[in-house]
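Protein chains: 2
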Amino acid sequence: MANFELTRELIEEIRWLIDQKDEALLSDILKDMHPADIAEIYEELSIEEAKFLYFLLDDDTAADVLIELEEDDRLRFLKALPSEVIARRFIGRMDSDDAADVIAELDEDRQKEVLSYLEDISMAGDIVDLLNYDEDTAGSLMAKELIKVKESWNIVTCLRSMRRQVEEVDDVYFVYVVDNDGVLKGTLSLKKMLLSSTDTLVRDIYNPDVIAVSADVHSEEVTNIMDKYDLVVLPVIDSIGRLVGRITIDDVVDYMREEAEKDYQLASGITEDVEASDSVWRHTRARIPWLMIGLAGGLLGSRVISAFEGNISEHPEVAFFMPLIAAMGGNVGIQSSAIMVQSIASGGLGFDTNFKKLLKEVSIALLNASALAALAFIYNFAIGSHFALTFTVASAMFSVVMFASLFGTFLPLLLNRMKIDPALATGPFITTLNDISGMFVYLILAAYFFEVFL
Amino acid sequence: MANFELTRELIEEIRWLIDQKDEALLSDILKDMHPADIAEIYEELSIEEAKFLYFLLDDDTAADVLIELEEDDRLRFLKALPSEVIARRFIGRMDSDDAADVIAELDEDRQKEVLSYLEDISMAGDIVDLLNYDEDTAGSLMAKELIKVKESWNIVTCLRSMRRQVEEVDDVYFVYVVDNDGVLKGTLSLKKMLLSSTDTLVRDIYNPDVIAVSADVHSEEVTNIMDKYDLVVLPVIDSIGRLVGRITIDDVVDYMREEAEKDYQLASGITEDVEASDSVWRHTRARIPWLMIGLAGGLLGSRVISAFEGNISEHPEVAFFMPLIAAMGGNVGIQSSAIMVQSIASGGLGFDTNFKKLLKEVSIALLNASALAALAFIYNFAIGSHFALTFTVASAMFSVVMFASLFGTFLPLLLNRMKIDPALATGPFITTLNDISGMFVYLILAAYFFEVFL
Numbered sequence: 000m001a002n003f004e005l006t007r008e009l010i011e012e013i014r015w016l017i018d019q020k021d022e023a024l025l026s027d028i029l030k031d032m033h034p035a036d037i038a039e040i041y042e043e044l045s046i047e048e049a050k051f052l053y054f055l056l057d058d059d060t061a062a063d064v065l066i067e068l069e070e071d072d073r074l075r076f077l078k079a080l081p082s083e084v085i086a087r088r089f090i091g092r093m094d095s096d097d098a099a100d101v102i103a104e105l106d107e108d109r110q111k112e113v114l115s116y117l118e119d120i121s122m123a124g125d126i127v128d129l130l131n132y133d134e135d136t137a138g139s140l141m142a143k144e145l146i147k148v149k150e151s152w153n154i155v156t157c158l159r160s161m162r163r164q165v166e167e168v169d170d171v172y173f174v175y176v177v178d179n180d181g182v183l184k185g186t187l188s189l190k191k192m193l194l195s196s197t198d199t200l201v202r203d204i205y206n207p208d209v210i211a212v213s214a215d216v217h218s219e220e221v222t223n224i225m226d227k228y229d230l231v232v233l234p235v236i237d238s239i240g241r242l243v244g245r246i247t248i249d250d251v252v253d254y255m256r257e258e259a260e261k262d263y264q265l266a267s268g269i270t271e272d273v274e275a276s277d278s279v280w281r282h283t284r285a286r287i288p289w290l291m292i293g294l295a296g297g298l299l300g301s302r303v304i305s306a307f308e309g310n311i312s313e314h315p316e317v318a319f320f321m322p323l324i325a326a327m328g329g330n331v332g333i334q335s336s337a338i339m340v341q342s343i344a345s346g347g348l349g350f351d352t353n354f355k356k357l358l359k360e361v362s363i364a365l366l367n368a369s370a371l372a373a374l375a376f377i378y379n380f381a382i383g384s385h386f387a388l389t390f391t392v393a394s395a396m397f398s399v400v401m402f403a404s405l406f407g408t409f410l411p412l413l414l415n416r417m418k419i420d421p422a423l424a425t426g427p428f429i430t431t432l433n434d435i436s437g438m439f440v441y442l443i444l445a446a447y448f449f450e451v452f453l
Numbered sequence: 000m001a002n003f004e005l006t007r008e009l010i011e012e013i014r015w016l017i018d019q020k021d022e023a024l025l026s027d028i029l030k031d032m033h034p035a036d037i038a039e040i041y042e043e044l045s046i047e048e049a050k051f052l053y054f055l056l057d058d059d060t061a062a063d064v065l066i067e068l069e070e071d072d073r074l075r076f077l078k079a080l081p082s083e084v085i086a087r088r089f090i091g092r093m094d095s096d097d098a099a100d101v102i103a104e105l106d107e108d109r110q111k112e113v114l115s116y117l118e119d120i121s122m123a124g125d126i127v128d129l130l131n132y133d134e135d136t137a138g139s140l141m142a143k144e145l146i147k148v149k150e151s152w153n154i155v156t157c158l159r160s161m162r163r164q165v166e167e168v169d170d171v172y173f174v175y176v177v178d179n180d181g182v183l184k185g186t187l188s189l190k191k192m193l194l195s196s197t198d199t200l201v202r203d204i205y206n207p208d209v210i211a212v213s214a215d216v217h218s219e220e221v222t223n224i225m226d227k228y229d230l231v232v233l234p235v236i237d238s239i240g241r242l243v244g245r246i247t248i249d250d251v252v253d254y255m256r257e258e259a260e261k262d263y264q265l266a267s268g269i270t271e272d273v274e275a276s277d278s279v280w281r282h283t284r285a286r287i288p289w290l291m292i293g294l295a296g297g298l299l300g301s302r303v304i305s306a307f308e309g310n311i312s313e314h315p316e317v318a319f320f321m322p323l324i325a326a327m328g329g330n331v332g333i334q335s336s337a338i339m340v341q342s343i344a345s346g347g348l349g350f351d352t353n354f355k356k357l358l359k360e361v362s363i364a365l366l367n368a369s370a371l372a373a374l375a376f377i378y379n380f381a382i383g384s385h386f387a388l389t390f391t392v393a394s395a396m397f398s399v400v401m402f403a404s405l406f407g408t409f410l411p412l413l414l415n416r417m418k419i420d421p422a423l424a425t426g427p428f429i430t431t432l433n434d435i436s437g438m439f440v441y442l443i444l445a446a447y448f449f450e451v452f453l
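As you go down the protein sequences, you meet chains A and B in turn.
So that you can map any letter, position 209 of the first sequence is 208 in numbering that gives the first Met the number 0, and since no number is skipped, the others follow by simple counting.
So that you can map any letter, position 51 of the second sequence is 50 in numbering that gives the first Met the number 0, and since no number is skipped, the others follow by simple counting.
Just so you know, these hints were derived from the structure itself, not from any lab.
Remember, it's a predicted structure, so these values are computed and weren't measured experimentally.
Worth double-checking, as some hints may not be accurate.
[Unchecked claim] Distance windows between CB atoms, simulated:
| no. | chain 1 | residue 1 | chain 2 | residue 2 | range |
| --- | --- | --- | --- | --- | --- |
| 1 | B | Asp208 | A | Lys50 | 24 to 30 Å |
| 2 | A | Leu130 | B | Asp71 | 53 to 59 Å |
| 3 | B | Ala381 | A | Leu9 | 53 to 59 Å |
| 4 | A | Lys30 | B | Glu70 | 43 to 49 Å |
[As the list claims (entries may be wrong)] With the Cβ distance kept under 10 Å, some of the chain B side facing chain A (calculated, not the full set):
| no. | residue |
| --- | --- |
| 5 | Glu67 |
| 6 | Ser276 |
| 7 | Arg286 |
[To be verified] Okay, derived cross-link-like pairs now, DSS-like style, lysine-lysine, Cα gap no bigger than 27 Å in a straight line:
| no. | chain 1 | residue 1 | chain 2 | residue 2 |
| --- | --- | --- | --- | --- |
| 8 | A | Lys149 | B | Lys190 |
| 9 | B | Lys78 | A | Lys30 |
| 10 | B | Lys418 | A | Lys261 |
| 11 | A | Lys227 | B | Lys78 |
| 12 | B | Lys227 | B | Lys356 |
| 13 | A | Lys261 | B | Lys359 |
| 14 | A | Lys149 | A | Lys191 |
Ideal Cβ positions, reconstructed from N, Cα and C, are used throughout, including at glycine.
Here chain A stands alone, though its shape is the one from the complex (with noise of 0.2 Å):
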């Protein structure tokens, strides 16, 4: 019962003991072991080192814990088996949810010969049926194992079957009621059938209020109603009401937290779903692109200041506020793109028009516009800048800030319109837009108001 932590001193030992080719000791470790953690352990061995460990383990629990592996260990773990082995041993010993997954990584002849070695045709079928829903769609979260029972029959009658069918399902969470079509009608709560007599009918204690989503609603609408309903289990059915499956909220939950990180990551400049543990290799790679697109951009801007070569060589004091100005266009931009690419993604846009939302806007950037001028005005003032200076900075402070908020906010709806993942907005692109526009506008305000005053 006491949790599990991983130590240095246990991946040692398990070497070690590996190393000796001590299968008893191995055993009697591992037997208690949740497969998550088991999978924990693995991913710090080689490949041979984990081979020798998984044939230790029974196959209900290899199978967990191949579920359990991080994708890239899992393929290279598959490589080295034959697909006999990964039909028998691992895949039809899973949910059809997680087999789908497993062999959805695998190359399309290898699919055909795994799934030929299935003893269980049903599974197959189930698993075909699974692997033909889009990505990022209920159909491809869900499983197909579950409980249900008929409208017309009576608590025994539901029982009786029950008993058959949770010998295929792990947990259950929820009975579902189905009419003679197949076509949901409702659940059924273990509370009702606990306070019911035996004989009395589902269709008489059933509920009816049932939350369900068709096969291909997005994954990320899936996510949205299971957190705001707070469901644990969420019935999939087909065009006509037909329950077709369920989606579980561990799955839902993996899916949320992917996509918070990539978010994340993409806000950061990183392009690929890297752990600190990756390589160096690969953190290179998932960090490079956006780092060029900076340089690129950075670039282009020494391209822009250059055309204002002679003012600076005359005026270098506007050169002092050069990166401050860059660096404010930058920061709006993130902080308004930021705020519309979580409303978007949370489905929080309220019902705002697009004249409203521009309107709020608008005054949001007026209020930090306004302020951060007036600062900097007065800084200028402050330290005995010429008026051609503080009036420089100071109107070039608004107007970047103005428009950075405007750019930030309707980009990422632009992106959402055109079916792009408005999180691409965030970050690196709209930073280096930000930055080289801001430039532009405070040299050309620069040269407008040295003309005036000096």
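Since chain A is already given, all that's left is putting chain B on it; use the hints.
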């Protein structure tokens, strides 16, 4: 069974019906709605309209809607109600965890008043217990309602006791098994109960492999445990192992979502939890603090640059690349810190020693820095910049990328060790710091190379 979508038309209709005081039609509209949907409608109404609608709901629905409201709206609503109504109509009908959450939002005098009006003394006691746990611990997330049976009972006794217990619990996911002292021993699955004969003893069929947490464990660890082991419910025990409550996945999903949003917003320079639908004033307040830091940083940067005024006046081309170098420092710093922040949050730091981490980060930084410096060098060479500028830009690029990578990696680790949220390190803070130090390094190098070459 259809899914609900809030439309502007529906809201207009409801407002009109409220205006007409058409209680019959309104009740009819609300009757089949999910509390979460009603809560969405509420947030579009004025406080007077909301109150009118509220008293048309039956008590259980009213309590559920209250839980679903955003905190601000809930507080505004509760302020307008007497303590007795809050206790009888709302708190008394909630699960203990929701009740404690709502009460915790009230000020202390009001808390006592509401608790004194509760008719169910044992519930009041449960709420007081829950209020005593620190925020962000397992204790603060858990509910007291659960179903437990003793290991010495047989199935018949279990069922009899469960029939009584389920009246207080909404959803039954697990039946917990305890000994005579209330110490958690394991779980009893519905599956096992269905498959065993009625005189079987609990002790012979329960599953002793149950993962539990102590009430003082941090919420982040709770999240990681439930995520890792794919749990829907997690039992909570006290220091001597007695079962005191259970945490359900929906509470953890809410916590996860909030944390992910907080990290994302921090990384984007937003200091308060805001949504697109919040007021202009709240948006400004959430954004301005970091803009002030950015402004202060930029002004400090302008002082650094002004120390090199003579150099810039003589060689204005030095200014062309200032924004590029500043931006690269910021970009690289954000990337490195974002990866560390995520690794710390997910507990996935691995077993590398600090020395190994340093070595790895140095390798990644070296690759990125060399590539970027080489490109900057080639660019300047290609456009025919003189050697002094070419060397300055390339060597500054190299230094800034190296420094920002290492700083971005180790600042989050340092903050984490000092028990400060490492997410603070991404975004604002690190960008500004890297901007300024990058400027300084660049101008020092410029001074040196222009001295050497010209």
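These are the hints, each one checked on the structure:
Checked against the hint of 24 to 30 Å, the C-beta distance between B/Asp208 and A/Lys50 comes to roughly 26 Å, which is consistent with it. The beta-carbon spacing between A/Leu130 and B/Asp71, approximately 46 Å, falls outside the hinted interval of 53 to 59 Å. Taken as a hint, the range 53 to 59 Å holds for the pair B/Ala381 and A/Leu9, whose Cβ atoms sit roughly 56 Å apart. Judged by the Cβ atoms, the range 43 to 49 Å given for A/Lys30 and B/Glu70 holds: they are separated by roughly 47 Å.
A hinted interface residue such as B/Glu67 counts as satisfied when its beta carbon comes closer than 10 Å to some beta carbon of chain A; here the least separation is about 8 Å, so the hint holds. Of the supplied interface hints, the one on B/Ser276 holds, with its beta-carbon coming within about 4 Å of a beta-carbon of chain A, less than 10 Å. Against a cut-off of 10 Å between C-beta atoms, the interface hint on B/Arg286 holds, since the closest Cβ of chain A lies about 5 Å away. Of the pairs offered as hints, the one joining A/Lys149 and B/Lys190 holds, with about 19 Å between alpha carbons and a cut-off of 27 Å not exceeded.
A distance of roughly 56 Å separates the Cα atoms of B/Lys78 and A/Lys30; the hinted pair therefore is violated under the 27 Å criterion. Annotation: proposed proximity of B/Lys418 to A/Lys261 holds, straight-line Cα distance about 26 Å (limit 27 Å). Our distance criterion of 27 Å between C-alpha atoms is met by A/Lys227 and B/Lys78, whose separation comes to about 25 Å. Annotation: proposed proximity of B/Lys227 to B/Lys356 holds, straight-line Cα distance about 24 Å (limit 27 Å).
Only pairs whose Cα atoms come within 27 Å are accepted, and A/Lys261 paired with B/Lys359 is accepted, the gap being roughly 23 Å. For the given pair, A/Lys149 sits about 15 Å from A/Lys191 by alpha-carbon distance, which is consistent with the 27 Å threshold.
The structure is inconsistent with the numbered hints 2 and 9, although it conforms to all the rest.
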